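Colleague: The listed protein sequences derive, respectively, from chains A and B.
Here the working numbering is used: the first residue of the first sequence is 112, the next is one more, and so on.
Here the working numbering is used: the first residue of the second sequence is 53, the next is one more, and so on.
Hint data in this document are derived by calculation from the structure and do not stem from the laboratory.
Remember, predicted model here, so these are calculated numbers, not experimental data.
Glycine is no exception: its CB is placed at the ideal position from the N, C-alpha and C atoms.
Heads up, a few of these hints could be off.
[Said to hold, decoys possible] Computed, partial: chain A to chain B, Cβ under 8 Å:
| no. | residue |
| --- | --- |
| 1 | Pro277 |
| 2 | Pro280 |
| 3 | Asn393 |
| 4 | Ser396 |
| 5 | Asp399 |
| 6 | Leu402 |
| 7 | Arg403 |
| 8 | His406 |
| 9 | Asn443 |
| 10 | Ala518 |
Listed below, chain by chain, are the residues.
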Amino acid sequence: MTAAVVGFAGLTHLGLVSAIATASKGFRVIGYDTDSGRVADIGAGRLPVVEPDLDNLARDNAARLSYTDRSGDLGACDIVYIASDVPTDDRGQSDLTGISALIGEVIPALGPKAVLCILCQVPPGFTRGLPLDSTRLYYQVETLVFGRAVERAMQPERFIVGCADPARPLPGPYLGLLSAFGCPILPMRYESAELAKIAINCCLVASVSVANTLADLSERIGADWHEIAPALRLDRRIGAYGYLSPGLGIAGGNLERDLATVLHLSATTGSEASVIAAFLANSASRRDWVLRLIHSEVLPRKANPTFAILGLAYKENTHSTKNSPSLALIENLHPWRIRVYDPVVPASAARHPMVTGATNAVEAAEGSDAVLIMTPWPQFRSLAPAELAAVMAGRVIVDPFRVLEPAAARAADLSYFTLGASGSAA
Amino acid sequence: MLTHKNQNPQKPARVVIIGAGGFVGGAIAAQLAKEQVPVLGITRKEVDLLQPDAGKTLAAKLRDDDCVVFVSALAPARNTAALLKNLMMAEHVIAALAEKPVAHLVYVSSDAVYEDAANPVTERSICQPSSMHGMMHAARELALRNEVKVPLAILRPSLLYGENDPHNGYGPNRFRRLAEKGEAIALFGEGEEQRDHVYVDDVARLAALAIMHRSTGILNVATGSSISFRGIAELVVALSGRPTEVRGTPRQNPITHRHFDISECLKAFPQFRYTPLREGLARAARTSARTVS
């Protein structure tokens with residue numbers, strides 16, 4: 112059987128990564144986007160997203176990848192994914208107008224037997240309402256993780272497939288495509304699959320909320336959460352890959368979206384979901400951890416400090432700043448000078464009246480009274496605390512994600528603060 | 053949280069303080085005087101808010117460009133009668149502001165609007181008062197929000213202390229007065245309950261900031277640091293220099309604590325610093341000693 116031709120409509124983060132990963136499995140792929148400039152940039156190898164290994168993978172599989180701004184070109188595909196990212200507002204509410212318009216353009220372009228598969232983040236009930244024969248209409252859960260998107264797309268743990276009738280075999284080309292990834296395939300009804308996506312994220316938020324709650328307590332009673340978490344990871348009921356690292360609240364937009372969707376559905380149906388509101392309250396509290404620390408540990412000792420901020424992205428290995436704790440902090444540091452550095456995000460992303468951009472982390476730290484490591488970029492792990500201490504004016508390191516070695520910071524005579532441990536004694 | 057209509061502080065044409073003769077109102081008036089802001093202080097002598105024509109009387113004193121600080125209350129409101137009187141006072145202030153809308157309104161409420169178990173308390177905590185006093189403030193807040201068409205800031209102070217506090221309730225003020233007389237301080241139980249105590253001048257300084265920034269929204273007034281009543285008593289005794297006994301008594305009620313997360317204050321007024329407890333108590337003691345001598 113000839114390998115299926117696969118289309119991806121919407122070449123934002125999700126669509127682009129998925130298209131390139133699919134091509135790497137030997138399929139011919141057509142990427143479609145209404146934005147001609149974006150299509151031209153991608154075709155020329157200028158990818159609009161930052162992900163480890165993505166550029167290399169695109170280059171290596173260029174022969175099987177083509178990009179177009181003409182929806183009619185999708186008529187050659189056996190399967191077309193609607194793969195555009197769905198934007199959210201400040202309250203986590205999805206704006207579905209973009210993908211609805213995209214679907215409206217794609218359906219008329221489909222070949223007579225082609226399958227349409229919704230890959231983007233939609234609320235339960237969305238897929239069933241689409242105007243296409245249900246034997247050709249599927250929903251597939253995406254589990255894109257910013258900063259690990261290629262790895263996740265190449266080696267998915269499983270495919271969760273929403274169908275009109277889970278008992279009916281999947282169409283041959285679609286089954287062939289999914290089988291190429293060598294992981295379990297779980298067909299279920301549309302609504303189950305749509306909710307499964309949300310359930311995954313709710314479980315992740317639950318884990319990280321537990322970690323945040325007990326890390327906070329650890330800070331107050333002399334415990335160290337980083338000693339506790341490894342013990343939990345060895346418990347099979349919790350798992351080695353559990354989200355047990357404390358953080359600065361939920362960010363990135365996708366988790367917030369799913370929590371907002373559950374709250375909305377709960378309000379509509381009357382289901383009990385108070386735990387979701389508790390997750391959000393916990394997130395809001397942890398987001399301001401660095402701000403509180405600055406006010407308790409830095410400002411009482413230095414009236415007019417300069418802060419070095421390392422990292423602007425909402426997490427490592429991404430250019431995204433959606434709900435970034437770093438940018439949220441910067442909004443509240445207006446009275447003081449800041450020096451910023453992020454390996455990917457430009458200093459102009461920091462809305463601040465007295466901001467100076469630096470070309471590397473050590474340069475940002477020069478003359479600062481406190482260094483705040485707000486994004487755990489891998490390259491920050493190689494920073495030597497002694498090197499920072501040598502260029503700083505003050506002695507405070509705030510390292511929420513513990514990218515530096517606490518003992519090395521202590522040895523460099525720095526006051527070191529991290530999530531999950533009390534005071535500067537970590 | 054607060055949002056500022058004036059990003060840079062700006063003195064209003066005049067501030068009218070309803071309840072200027074009280075503990076908090078007096079402190080706000082003094083703070084504004086220090087900052088050379090014109091103030092019209094209104095006490096019960098000028099306008100008795102329980103009188104039927106109080107709304108008209110008050111309206112006649114207001115100007116369009118005034119900032120009004122509403123701090124007057126019959127406190128603590130312990131029963132239904134006191135609740136109703138306090139609501140009547142609010143009704144008359146609302147009537148005055150309907151007749152003469154002003155530029156800005158600051159209402160001084162209380163952290164008693166929150167549920168007892170709301171730890172740590174933030175401005176997002178649910179309002180679920182367990183006392184008539186808390187319900188009174190919650191009802192007044194709601195009425196002001198719904199019925200007054202003026203930009204509104206609500207301040208919710210925690211427990212206050214200061215030399216001029218007319219009340220002699222359990223806490224820093226009573227402990228200080230007992231210590232000054234060398235009389236024993238009796239704790240409830242062993243004084244384990246932790247509370248966040250705010251020096252009254254800090255409320256005044258925050259009110260002045262909210263006025264200058266023409267802020268709207270809600271802000272808790274708390275230091276973010278709670279201490280047990282025994283801790284307070286021992287601190288007061290140490291500051292007094294007298295060998296005052298601090299003793300426990302059989303506990304009548306379960307132990308409850310209250311802590312605040314003051315992140316919203318750090319965001320609203322990044323350069324504001326609360327008076328540390330030891331310093332505030334020492335200042336209150338010094339002022340009190342000067343008054344006595």
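Colleague: It remains to establish, for every hint, whether it holds in the given structure.
Modeller: Structure-based check of all given hints:
1. Pro277: violated, 42 Å
2. Pro280: Since chain B brings no Cβ nearer than about 50 Å to Pro280(A), farther than 8 Å, the hint is violated.
3. Asn393: violated, 11 Å
4. Ser396: Check passed: Cβ of Ser396(A) comes within 6 Å of chain B, closer than 8 Å.
5. Asp399: With Cβ-Cβ at 4 Å, under 8 Å, it holds.
6. Leu402: Where the cut-off is 8 Å and the nearest Cβ of chain B is about 6 Å from Leu402(A), the hint holds.
7. Arg403: It holds, given that the least Cβ distance between Arg403(A) and chain B is near 6 Å, below 8 Å.
8. His406: holds, 5 Å
9. Asn443: holds, 5 Å
10. Ala518: With a minimum Cβ separation of about 30 Å from chain B (threshold 8 Å), the hint on Ala518(A) is violated.
Of the numbered hints given earlier, the model fails hints 1, 2, 3 and 10; all others are met.
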